[in-house]
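Novice: Here is what each chain is made of, one letter per residue.
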Amino acid sequence: MAKVVAVTGNEAVANALRQINPDVCAVYPITPQTEMMQRFASFVSDGKVRTELILVESEHSAMSSCVGASAAGGRVITATSSQGLALMWEILFIASGTRLPIVMPVVNRALSAPLNIHGDHSDAMGARDTGWIQLWSENGQEAYDNTIQAFRIAEHMDIRLPAIICMDGFIISHSIERLEYLDDQDVQAFVGEFKQVNPLLDIEHPVSYGPLILPDYYMEHRRAQAEVATKVAQVVLNVADDFAQLSGRKYGLFEKYRLDDAEIGLVILNSAAGTSKDVVDEFRDRGIKAGLFKPRLYRPFPYKEAGEALKHLKALCVLDRADCFGASFGPVFLDIATSLYPFQEKPILINKIYGLGGRDYLPGHAELVLNELMDVAQTGTVKSYKEYIGVRE
Amino acid sequence: MKLKNWKEVNPGAVITDAGNSREFKTGSWRSFKPVWIEENCIQCLFCWIYCPDMAIKVKDGKRAEFDYDFCKGCGLCALECPGKKGKKAIIMVEEGK
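Line by line, the protein sequences give chains F and B. Residue numbering for the first sequence follows the working numbering, starting at 1 and increasing by one per position. Residue numbering for the second sequence follows the working numbering, starting at 1 and increasing by one per position.
A portion of the hints provided could be inaccurate.
[Claimed, not checked] Simulated pairs of lysine-lysine, DSS-like, Cα-Cα distance not exceeding 25 Å:
1) F/K48 x F/K195
2) F/K386 x F/K304
3) F/K231 x B/K4
4) B/K72 x B/K88
5) B/K62 x B/K72
6) F/K231 x F/K250
7) F/K314 x F/K346
8) F/K231 x B/K7
9) F/K195 x B/K7
These are calculated hints, taken from the structure and not from any lab test. These figures come from a predicted structure and were not determined experimentally.
Sequences are here, hints too, so could you generate the full structure?
Specialist: Right, dumping it as structure tokens:
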């Protein structure tokens, strides 16, 4: 029986990690992730989990310890935010290239400078091409559900890749919401026993991790990793089906909200999608065919499926809570534009940068954007392809 | 040896056959080659102890020839060699000369 609770996003994810009871957690505290790992450390101290908790001196060490523990043969977790994820960057590639299924909640926070502790997506966007799977979560329930599913996806024998679960710093991590916990034994049964692949601790079958691979073989290893990325989406869907049977909550590669017959639409990640859906409803009440597309599996990005889902729109705005300096457009825009590129008939695309460093994203912002999209759809002309919104000009 | 294609390589580049460095000959990396001068050798076996690549062969407890398939020419053996009466038993000679 599911249990209904009122908890913060951090508490929900910490509880998911307790239910999974991993072998090793190497972690360093950073706002706004701190509360999650503080709660998990309490579970360790209180004997609620049998996890070996390694308190390290930096995130670089945290991820390095995770790589070692995972290669040794354990089910391994960590969690971080912002600068912490940035400091892990070098080792993120080692975790994915070595095919170690480490699971890491990332509580999204802006990057320095200027120093800011509040929610935006700059941190995880900086890690989007590291070979890690990324699942994004609108609210505490999705963060909890994605965390549980992430283990099944990462540890799948065809995949064996590390996975990040994203949720917005403070907006979700520190806000109390109603959500449903699954039973401990159901979660345990769902994720199953961890199966090791070439564990270092199997001394009967000695193996070496991290060899030097010269030009004669490096490209073959990279090509193999690119192939694995193509298999992730189907596994995500299969795991989501199993999870729906257990929880009644259905997930896909992305969420389509009133999108199938829409003429104008928004693409938006995480918590701001909730706000935007309300505004989409208001436009629908007025007879305007608005819709929304919320990516869930952001890496590997399901380009084909996303393109199919969006190609029928007349005008589409991608809202990015991070900017790619020098790339002209925000990161999600670049992926959506790529998804739509193969289609002859496709919407006019515009890009808005919003909510950096925890700047509020309000219903009024979604309303402004949807009004602009109505103009674009009607006239076929665009005032500005990329613009910051909610900023003092 | 036929090289493997991308479908055949081990996931994560993990090496599952122990001791396979024997198959990967590194002697061609060398730019200086150690040469053994047996008459100056006191059989101290310092070269055997210090060699990082196990490229000094020992036979019946005595110093034997270098294993040039694996010697990278680092020169540690020549540096450590005490020689006999001030004359080194190992000297480094530039390859190709």
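Novice: Against this structure, judge whether each hint is valid.
Specialist: Consistency of the hints with the structure:
1. F/K48 x F/K195: Holds. F/K48 to F/K195 sits at ~22 Å (cutoff 25 Å).
2. F/K386 x F/K304: holds (24 Å)
3. F/K231 x B/K4: Holds. F/K231 to B/K4 sits at ~22 Å (cutoff 25 Å).
4. B/K72 x B/K88: Within the cut-off at roughly 20 Å; holds.
5. B/K62 x B/K72: With a Cα-Cα distance of about 22 Å, the restraint between B/K62 and B/K72 holds, given a limit of 25 Å.
6. F/K231 x F/K250: Judged against 25 Å, a Cα distance of about 20 Å means the pair holds.
7. F/K314 x F/K346: holds (7 Å)
8. F/K231 x B/K7: holds (14 Å)
9. F/K195 x B/K7: Since the Cα atoms of F/K195 and B/K7 sit roughly 22 Å apart, the hinted pair holds (cutoff 25 Å).
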